[in-house]
Amino acid sequence: MKENLRFPQIFLSVLLCLALVAMDHLAQNPSKPSNTPPKQAKELLRKAQEVYKDQPQEALRLLHQVPDPNKLPEKLRGEYYLIKAKSYQVQNKSQLCITQALKAEEILTRTNDSSGLMSCYIVKGNAYYRLLALTASAESYLQGMQLARKLGRKDAINAVTLNLGNIYAQQKDWSNANRYYQEALTQYKAENEPSMISYVYNNLGVIDEMTGQFSSALSNYNKALKIDIDSKDTLAISSDLCNISEI
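According to the numbering used here, the sequence shown is numbered sequentially starting from 4.
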């Protein structure tokens, strides 16, 4: 039996989460005309939102040009801190990301901005995960998932589901890990994403192996192997064969 879990890093699913929060949130939540900030500030926020994924440093430079974020209307102030948190997340500056996300969360809660809060919780979940604060990460993801369900955001639900499986697996909470991986498996099958289906089968196989269900583990590893052979993914095939050889 394996002494240590060798689950793939959450990097891929974190990228999925980054894609979720890349929406043009400014366009979705326009401020009221009576609270419109200077045109320059609004334009800086818009540009920062557009570039933070690929150019986080440029996004931060743009945000730092806002004369006084505390004078922005609350909705835009929440946007300001959320974009800043996302920019730090891209740079893997997790503690700075969390600090800005908490500021955004406080404001977005007051303004009842469900979409912004969903993004905020997911960003926090990613940052806490990188700091190995797994319990805090799971709590943030669950808050994000709750809002995603209310908003009908299937993309957010999918990514967070996989992340929760990864967290519970690392905590050796096999029941919850299996639950969220099974949900993720259903989602990826519906979307016909072979690489992700294989990924989940392998993780389910590890859970089975760690809990002494070797026959089920072998079945899951073989399912992953078949998918990877069909996809001609040589690296994945090598990993699958290694897993199978250890049963």
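Please keep in mind that the hints were generated in silico from the structure rather than gathered at the bench.
It is possible that some hints are incorrect.
[Claimed, not checked] So the derived label-pair ranges between C-beta atoms look like this: (1) Glu-46 with Thr-189: 39 to 45 Å; (2) Arg-113 with Ser-218: 50 to 56 Å; (3) Ile-250 with Thr-112: 46 to 52 Å; (4) Glu-61 with Asp-176: 20 to 26 Å.
No residue lacks a Cβ here, since even glycine has one placed at the ideal position from N, Cα and C.
| Against which earlier hints does the structure fall short, listed by number upward? | Number 4 only.
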